[in-house]
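The whole structure should be built from the sequences, with the hints applied where relevant.
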Amino acid sequence: MEGKQERFNGDARILHQRAVRVPLPDMEAERVFHENMRTIAEAHERKADLLADPDVPLLTAYEEEYAHAAESFERRLRRVAGDDYDEVAMAYFRGDRDDRVAKIAAYYVEGGWRVQQWATVTEMVYAPLVLRYPDSFTVNVRFASGYTTPTAIYYESPEHSSEELADEHAETYYEESQYTQRQAAEYVRGTADLIREEFPDPDETPLEERKYGGVALAGGRRGSVFSELSKRVAPDPDRFSESISKPTLVDAGPEARRTECEFGLESEIVH
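Numbered as in our numbering, the sequence shown ends at 271 without a single skipped number.
Check each hint, because a few of them may be wrong.
[Claimed, not checked] Straight-line alpha carbon distances no greater than 27 Å define the calculated DSSO-like cross-link-like pairs of lysine-lysine that follow:
hint : residue 1 : residue 2
1    : 211       : 246
2    : 246       : 103
3    : 211       : 231
In short, the hints are calculated from the structure, not lab data.
See below:
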């Protein structure tokens, strides 16, 4: 998704209180969904390994996370809108198209563009929400300028610090930063386990045991301080009364509003 920033300056209205709902009509779709969630879990394990390695700059872990998120958006875009997804999304933003495919393409292009901002430009929290229902799943893309929950894990990055410290203080700061990164690595590894528990293998788990699942994640940076947050989310069984046959843009739902409140995102969400 390189080059978007030159042509597109962002329009968060497409994201605000919306989600993409994707049908799960058969085992093939179930397996694709599980494979995607397994990939996300593996990405968290990779990030945990990098955070725990004292020889790897924290920025490396952060950049890999961005690359994975951007790749995920691009895969979804190609699946929904084809190879010309960029032009489809731009047609929506210009007002030339207002159909289902254009709206979803615009949703993911906006999400991918903001992931790039999150990783390289602004101090922003990326807070996706994935929910599994009996016949579909939803992806809720959210960005915020911060959050207030005390349950987040915070860790320090010396290479992002602008403070000039004396040698003895610098050594202490570096050691303490390494400790916080190791603590964060354990937390991130637990997030990978959580994702696997909430979205199990359809070939090994009966539908009755996998038809509901949910995970809310949040990660961000403010100066030299990084943060991680993950939480199991119980989907509302009464949210959808009808099945769908194609991916569709829907209202965000009660789970999104609830997790925004729990995470302290309500007044911080980027609109």
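Here's how the hints hold up against the structure:
no. : hint         : in the structure
1   : 211 with 246 : holds (19 Å)
2   : 246 with 103 : holds (13 Å)
3   : 211 with 231 : holds (18 Å)
In this structure, every one of the numbered hints holds.
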